[in-house]
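Protein chains in written order, with my numbering: chain A, 221 to 493; chain B, 1179 to 1476.
Treat the hints as calculated values from the structure; they're not laboratory data.
Be aware that a few hints might be false.
DEER-style ranges, computed between Cβ atoms [claimed, not checked]:
#	chain 1	residue 1	chain 2	residue 2	range
1	B	P1330	A	A478	39 to 47 Å
2	B	N1440	A	G321	41 to 49 Å
3	B	M1458	A	G321	18 to 26 Å
4	B	K1419	A	A245	22 to 30 Å
5	A	T356	B	R1282	42 to 50 Å
6	B	W1195	A	L330	17 to 25 Å
7	B	F1236	A	K277	53 to 61 Å
Below, a sample of chain B positions facing chain A; criterion: calculated Cβ distance under 8 Å [said to hold, decoys possible]:
#	residue
8	P1190
9	N1280
10	I1357
11	A1451
Backbone N, C-alpha and C fix where the C-beta goes; we use that ideal spot for every residue, glycine too.
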Amino acid sequence: MKQKKAVVHTLIAVALGIVIVFPLAWVFICSFKESADILQYPPRVFSGTFATLKQYKVMLSRLPILNYAKNTVIFAVGASVVEILFDSMAGYALARMEFKGKKMISIIILSAMMLPFVILMIPLYIEIFKFGLLDTYAGLILPRAASAYGIFMMRSFFITLPKNLEEAARVDGLNEYGIFLQIMLPLCRPAMITMFIFNLTMCWNDLLYPLLLTSSSKMRTISSGLAMFVGSRVNEFGPAMAATVCALLPLLIVYLFAQKYFIEGIATTGMKE
Amino acid sequence: MVKKIWNYCNVPKHAAWVFMAPALFILLVFTGIPLAASFLMGMSNTTVFMDGFSFIGFRNYIKAILDPRVINGLKNTFIFTLISIPLQIGFALLTASMLAQNKRIFQFLRGVYFIPTLCSFTAISVLFLMLLDKTSGIIPYWLKCLGFQNPPMLTQAHSAMAWIIIITLWRNFGTSMVILIAGIQGISQNLYEAAAVDGAGTIRQFFSITIPQLTSGIGFCVLTETIGCLQLFDQSYVLTKGGPMFGTESIVQYIYTVAFQNYDLGYASSIAALLFILIMIIVICINKIIAKWEQENY
Chain A
221 MKQKKAVVHT
231 LIAVALGIVI
241 VFPLAWVFIC
251 SFKESADILQ
261 YPPRVFSGTF
271 ATLKQYKVML
281 SRLPILNYAK
291 NTVIFAVGAS
301 VVEILFDSMA
311 GYALARMEFK
321 GKKMISIIIL
331 SAMMLPFVIL
341 MIPLYIEIFK
351 FGLLDTYAGL
361 ILPRAASAYG
371 IFMMRSFFIT
381 LPKNLEEAAR
391 VDGLNEYGIF
401 LQIMLPLCRP
411 AMITMFIFNL
421 TMCWNDLLYP
431 LLLTSSSKMR
441 TISSGLAMFV
451 GSRVNEFGPA
461 MAATVCALLP
471 LLIVYLFAQK
481 YFIEGIATTG
491 MKE
Chain B
1179 MVKKIWNYCN
1189 VPKHAAWVFM
1199 APALFILLVF
1209 TGIPLAASFL
1219 MGMSNTTVFM
1229 DGFSFIGFRN
1239 YIKAILDPRV
1249 INGLKNTFIF
1259 TLISIPLQIG
1269 FALLTASMLA
1279 QNKRIFQFLR
1289 GVYFIPTLCS
1299 FTAISVLFLM
1309 LLDKTSGIIP
1319 YWLKCLGFQN
1329 PPMLTQAHSA
1339 MAWIIIITLW
1349 RNFGTSMVIL
1359 IAGIQGISQN
1369 LYEAAAVDGA
1379 GTIRQFFSIT
1389 IPQLTSGIGF
1399 CVLTETIGCL
1409 QLFDQSYVLT
1419 KGGPMFGTES
1429 IVQYIYTVAF
1439 QNYDLGYASS
1449 IAALLFILIM
1459 IIVICINKII
1469 AKWEQENY
C-alpha cells in the first residue's frame, strides 16, 4: 500500500516535469524543421525532417543576434564582476567591522532591497543621458555596479566565518586590506560564484532596463533585440524560434554545469532572517 | 603625506568606510538620487528632449489620478497580482512538498522544475506567441480537440490576461518552490512522527505542520512576488502590447509609453511616484499581516 502510494507520487511528479519542460522542448525541436513542417495543420511535434539549420541561417540574416549576444555578455559579465567586488567589500565591512553609523547603513541597505525599479527608471534615464553614457556599455554597467541585494547576500556570508580570523591575521602582521584580500576573499569563493550566477541570470534576462538605456540597434541586448524583432505578432515562425533558442540556450548550458549555484542563490535569499 | 593618508585609512573603523565607499557611491548616484529626483520630476514638465523645464506644482499628479488609462493600468495590474500570487504560492507549496524528499529522482526533478525560472520573459513570451497562434499553434489545436470551438487566445482581454497569468505562473513558481523546499527540509521530523502517532493523515499534517512551520518562507515569497507582479511589464509588452483595447496594459507599460512614446517624462514620473507610494503601502500591509501570522504560530 505504502509502496504503491510512493510509485503514484513519483509518476505524478515525473508527468508534471514533462509538462513543465514541454514548451522548451517544443521550440527546440521545431527550430530544426523546415518552414512547411512548422506551419502544417494539424500541428505536430515530431514530424517532418529534422536537422536542418535553415531557420538559423534565415534568422542570422535578419537579426544581428551575434552582436546582441556579444552586448549581452559584455553587459552581464562586466556588471556581475564589478558588482561582486564592490558588494563583497561593503558586505565585509558591514559584517565584520565596527564603525559609527553601521546600524543606519544596514537599515538603508535593507530598505533599498525592496525598492521597485519603476520609481528609479526615468531619473536614471536622464542621469545616464546627462553623463553622455546613453547607448554605451559603461552606461549599462555602472548603475548595476553595486546592489543592495548583493551587499546583503555577502554580508550574511561573511557573518558565518569564524570570529578569530582577523586576530590571527593581525598577529601575522597583515593590515586591514591584506586581511580582506588574502584571507577573506579566497574564503568567499563559493558565495561569489553563487552571486555571479545570480547576477548573470538577472542581467541576461532583463528587458526594461536595457530597453531604457540603449537606443541604437547595435547596442541592444538579446532580450531587448528579440522583443523588437518580434513586435506584437510573429510573422516568421522559423526564425523567431531559432532566435528564441539562441536567447535561452546559453543560460541553460551554464545551468547544466553549475546547477547547485543557481539554486543556492535563490535558497539563500529566502533565508534572510 | 601619502604615509599619513595610509595610516589614517589603516585604522579599522576608517578602513570600513574605504571598503564601503565604492558600493555606497554607486547606490547613492544610481538609486538615492533617482529616488529623490522622481518625486520632484513629477512636478515638472520635463520632456525627453531635455530642452529645459519648469515646475508646474501638483498638476501632473492630479492629471494622473483622473487619467482613465492610469486607472485601467492599475486595475489590470491589481487583477493580475491578486490572481497570480495565490496561484504561484499554492503551486510552489504543492510542488515543494512533493519534491522535498531527498531521493535521487526528486533531486533531479527539482532541477527540472526550476528550468523555466532561467528563461527570460521575452524569450518565453515569443515562444508562447507561437504556441498560442490561432492558425498553427499547438495549444488552440489541442483545445479544439477537447471540444472548445475557436477558443479565444490573445484576442480577447480576459483570455489574454489568463494566458499572461498562466505563463507567469509557469516561469516564476520555481523560485518560491526552491525557497519552500529549503524551509520544509528544516522542519523537524519529530513533529510529523508525533502527528502520525496522533492519527493525522498526510493532508492534515500538511495544513497543521508544514504550512504553520513555513510562515516566514511563505511570507518572504509573497512579499517579493507581489513587488515583482505589481511591476508587470515584460510579458504583456511582448505578448499583447497591452492589447486588445488596453485590456492587458499594465501600469508600468503605460508609464513607459508616456515617457518614451509621448516623450512626457514629467507626467510619467508622477505616475511612477504614485505607483511607488501604492506599492509601499501594500508592502507595509503585507509585512504587518505576516508579522501577526508568525506571532500566532509561535
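The hints, checked one at a time:
Take B/P1330 and A/A478: their Cβ atoms lie about 42 Å apart, and the range 39 to 47 Å holds. About 43 Å separates the C-beta atoms of B/N1440 and A/G321, a value consistent with the hinted range of 41 to 49 Å. At roughly 24 Å, the beta-carbon separation of B/M1458 and A/G321 lies within the given 18 to 26 Å, and the hint holds. With their beta carbons about 28 Å apart, B/K1419 and A/A245 fall inside the hinted range of 22 to 30 Å.
Checked against the hint of 42 to 50 Å, the pair A/T356 and B/R1282 passes, with Cβ atoms roughly 48 Å apart. Between B/W1195 and A/L330, the C-beta spacing of about 19 Å keeps the proposed range 17 to 25 Å intact. Between B/F1236 and A/K277 the beta carbons are some 57 Å apart, a value that agrees with the proposed interval 53 to 61 Å. Annotation: interface hint on B/P1190 holds; nearest CB of chain A at approximately 6 Å, less than 8 Å.
Contact between B/N1280 and chain A, as hinted, is not supported at the beta carbon level, the nearest pair being about 14 Å apart and thus beyond 8 Å. Checking B/I1357 against chain A: minimum C-beta separation of about 3 Å stays under 8 Å; hint holds. Hint status for B/A1451: holds, given a least beta-carbon distance of 7 Å to chain A, under 8 Å.
Violation of the numbered hints given earlier is confined to hint 9; every other hint is satisfied by the structure.
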